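Chains as they are written, first to last, in our numbering: chain A, 4 to 259; chain B, 648 to 1231.
Since the hints were derived computationally from the structure, they do not count as laboratory data. Treat the hints loosely; a few may be bogus.
What the hints assert, rightly or not - With a straight-line Cα cutoff of 25 angstroms, these simulated BS3-like cross-link-like pairs (lysine-lysine) come out:
hint, chain 1, residue 1, chain 2, residue 2
1, B, 847, B, 687
2, B, 669, B, 683
3, A, 97, B, 1072
4, B, 669, B, 687
5, B, 669, A, 97
6, B, 669, A, 23
Computed from a predicted model, the values in this text were never measured in an experiment.
If you want the building blocks of each chain, they are given just below.
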Amino acid sequence: MATTIPLIETQGLSKRYGEKAAVESVSFQVHGGEIFGFLGPNGAGKTTTIKMIVGLLQPTGGLVKVAGYDVQKQPLQAKAATGYVPDEPNLYPKLTARELLRFVGDLYGLDRARVDHRSEELLRLFDLVSAGDDVIDSYSHGMQQKTALAAGLLHDPKVLVLDEPTVGLDPKSARLIKDILRQIADRGAAVFLSTHILEIAERMCDRIGIINRGRLIAVGTMDELRAMGKGETSLEDIFLDLTGGAEYAEIAEVLA
Amino acid sequence: MSLMELEYQPPGLWSSVWRLLKLRALIFFSSFRRAKTRGKIAIIFIVLLVLGFLGFLLFASWALLGFLRSPQLAQFSGDMSALVNSVPVLIVGGAFLGILLTSFGVLLQALYLAGDMDFLLSAPISIRAVFITKLLQAILPNFGLISIFALPVLYGLGISSRYNLLYYPLVIIMLASLALAAAGLSSLLVMFIVRLFPAKRVAEVLGFIGALASFICSQSGQLANFDHVTQDQTTQMFSLLSRFNNPWSPLAWAGRGLIDIGEGRWLSGVGFSLLTLGLAAVIFSLALTTSERLYYSGWASIRTTAHKKKVLRPSRNRAASPFVALAERRVPAVIRAVIVKDYLVLRRDLRNMSQLVTPLIFGIVYAVMFLRNGGQPSLGRGEAPALFNEVLKNIFVYGNVGISLFVGWMLLARLGGMGFSQEGKSYWLLKSAPVTASQLVLSKFLVAFLPTLALGWAFLLAISLLQQVNLSVILFTVPVVALSIAGNAGLNLTFGITGANMIWEDPRQMQKGSSGCLGSLASFIYLPLSLLLFFGPELLFALLGLPEFIGQLTGLLLGGVFSLAVAIIPLWLVRNRVLHLDEK
Chain A
4 MATTIPLIET
14 QGLSKRYGEK
24 AAVESVSFQV
34 HGGEIFGFLG
44 PNGAGKTTTI
54 KMIVGLLQPT
64 GGLVKVAGYD
74 VQKQPLQAKA
84 ATGYVPDEPN
94 LYPKLTAREL
104 LRFVGDLYGL
114 DRARVDHRSE
124 ELLRLFDLVS
134 AGDDVIDSYS
144 HGMQQKTALA
154 AGLLHDPKVL
164 VLDEPTVGLD
174 PKSARLIKDI
184 LRQIADRGAA
194 VFLSTHILEI
204 AERMCDRIGI
214 INRGRLIAVG
224 TMDELRAMGK
234 GETSLEDIFL
244 DLTGGAEYAE
254 IAEVLA
Chain B
648 MSLMELEYQP
658 PGLWSSVWRL
668 LKLRALIFFS
678 SFRRAKTRGK
688 IAIIFIVLLV
698 LGFLGFLLFA
708 SWALLGFLRS
718 PQLAQFSGDM
728 SALVNSVPVL
738 IVGGAFLGIL
748 LTSFGVLLQA
758 LYLAGDMDFL
768 LSAPISIRAV
778 FITKLLQAIL
788 PNFGLISIFA
798 LPVLYGLGIS
808 SRYNLLYYPL
818 VIIMLASLAL
828 AAAGLSSLLV
838 MFIVRLFPAK
848 RVAEVLGFIG
858 ALASFICSQS
868 GQLANFDHVT
878 QDQTTQMFSL
888 LSRFNNPWSP
898 LAWAGRGLID
908 IGEGRWLSGV
918 GFSLLTLGLA
928 AVIFSLALTT
938 SERLYYSGWA
948 SIRTTAHKKK
958 VLRPSRNRAA
968 SPFVALAERR
978 VPAVIRAVIV
988 KDYLVLRRDL
998 RNMSQLVTPL
1008 IFGIVYAVMF
1018 LRNGGQPSLG
1028 RGEAPALFNE
1038 VLKNIFVYGN
1048 VGISLFVGWM
1058 LLARLGGMGF
1068 SQEGKSYWLL
1078 KSAPVTASQL
1088 VLSKFLVAFL
1098 PTLALGWAFL
1108 LAISLLQQVN
1118 LSVILFTVPV
1128 VALSIAGNAG
1138 LNLTFGITGA
1148 NMIWEDPRQM
1158 QKGSSGCLGS
1168 LASFIYLPLS
1178 LLLFFGPELL
1188 FALLGLPEFI
1198 GQLTGLLLGG
1208 VFSLAVAIIP
1218 LWLVRNRVLH
1228 LDEK
């Protein structure tokens, strides 16, 4: 269950591209043992926020702390505590999954014996043992996604950040990931995930943040979000209400 | 009214082809419109340059072919009209074979690896229309390129031989129909090969073989000795070329038809032309109908990627190697990991290999040329001052260093200049890991430096041994090459960082923008400067009659400090950029 220590903390986090604000003054906390769902329409700023949390993008304003470390000032400590799985699993196509995991293990300074042991565990978990010596180039999208997940989990991170983790996965793998994320959170880690699948957010996440046009417009548990809305009970209705999805009714009318 | 109530009228074949081609044209013009002004000016300049080249080639062919037919020349070299008459046969036949070979790779890309195939196949358009469009789209660039060379020569021949007007449009019709037939055959070959091997792997192997073959062809001229070609050999070559003009060879029919129509021999001219056009039409329609079946089933069943099991070497072998054990003890894990990963990736992608093998071939070609002359400068008629000859001889002693550094310069352009770009879309793995900028830069420096040093030293020692160079010279040149390569590696990597391009699909698209060019230019300035500092003192000491050994030491000190400064300072200045690459 959630602890009081914030493992992810953003204060006034902003990212501007020239005149355009991709993310504007976003502040939230994610505690250990918590699964935090990050929702928003396309282009709302989810991936930009995630990239700033994991140190892939430099914020133009504000602060991000991971495991208590300022990502800008103490990037190595922050990155060492983070596991990241991007929306597109762009991995080195000419490496095998085993070679990739060994490479990632070296980057995180893990002992070789531990890397080998953990790699086998993760490959078994994700049903990749037989494909472990094939080059990633030959994997399906789902297999690549699972390899990226294995790489993100290899060093047993305190903070796990996932951008659309279930895209391209079959129902069995998607279920497996949901179970793994719950277990990781139960062990005291913070899990931050963005998703478009509201059912996942509603059933899995302890708290949910909704971002729209770069601004965080709502944060809270499902009950807190319900209280904020106009009496809607489902996350879908709350989401559409908060992000201005009323126009979808018109579209439905046109298609009818 | 709902959309389903509208009655769907499937478009005709040519209407679909036209629509798809219009879409391509729209994409082309829209990219041109959106390009930067600099890019637009460059394109316009290239178009004008090509037009100028066409005009030049037309007039040059006109004059040359007219000269070959002149009675004055015939008095000295015999009748050349057989050779002139075989020009259309050679050009049209060559164009057919050229398109047959070159369109294989383009068609493989267009038919199997293009990203729009799913979209097009799921649209209500006949597969035949998709196939024709892809075929046209794939052969147009090659056809255009071949036409740039073929049309001016054939038109020049027509003007110089005063052929009748029908000849000129017929040239275009012949070239176009033969191009379509060649592309049809090529597409069948593509579909056959792809049923046996994964398309991606075929593309990689083809890229490697193509790059290597074109490079070897271009460099083989360097090894050929044209100084001793006899008149007999020239005559034999001309007669060999004329032999291609054989009426029984289908490849010669188009050319013979063109000449006969041009010269007014209507019966044979029309006969050969109809035969060619008919054969081309048969080949094209056969390819079209066969492809319609094969293409669909082929597309639906192929694997674009290989599923080959990689056999890992047993880990105890790695542990047993003392070099690996030493590296594991001395080199930090992060740096070791990046180096191992880069070498694995470079070795496994054949498209990289062609770029890496090029310097090796260049080195061998120039080493052979250097050694063929005995490693001695040509002193001409010996009228130059003795001092000049002495300096030249001293410089030639270090020709081995020149070749080693030249090979290194080319290899570094790839390994250093593209060290960061080669990470591509996978760079997030390094960027999100707890790795410092300095560690990343040092790893990439070693990735570029170590193999270049090994190759540079290999060339240096091999040439030195063949030249039987003194041990003192070898002992001096070994650190010179190492230090000079270190500076060059630093310089190339610096420009590689400032101009890194992470968005590419094919490794050959890595080099983008002017940074690669600037890196090579900077190396071009750096190398002579460093060599001046390394060898200047020794040459000066030799001329002044002072001990050469002191000169060598002074050179090593001056050149070494300069090279190390070039290796370290620029990289130190740009090192923090590596943490912000790929941030739009």
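Violated hints - listed by number, lowest first: Going through the list in order, the structure violates hints 1, 5, 6 and respects the others.
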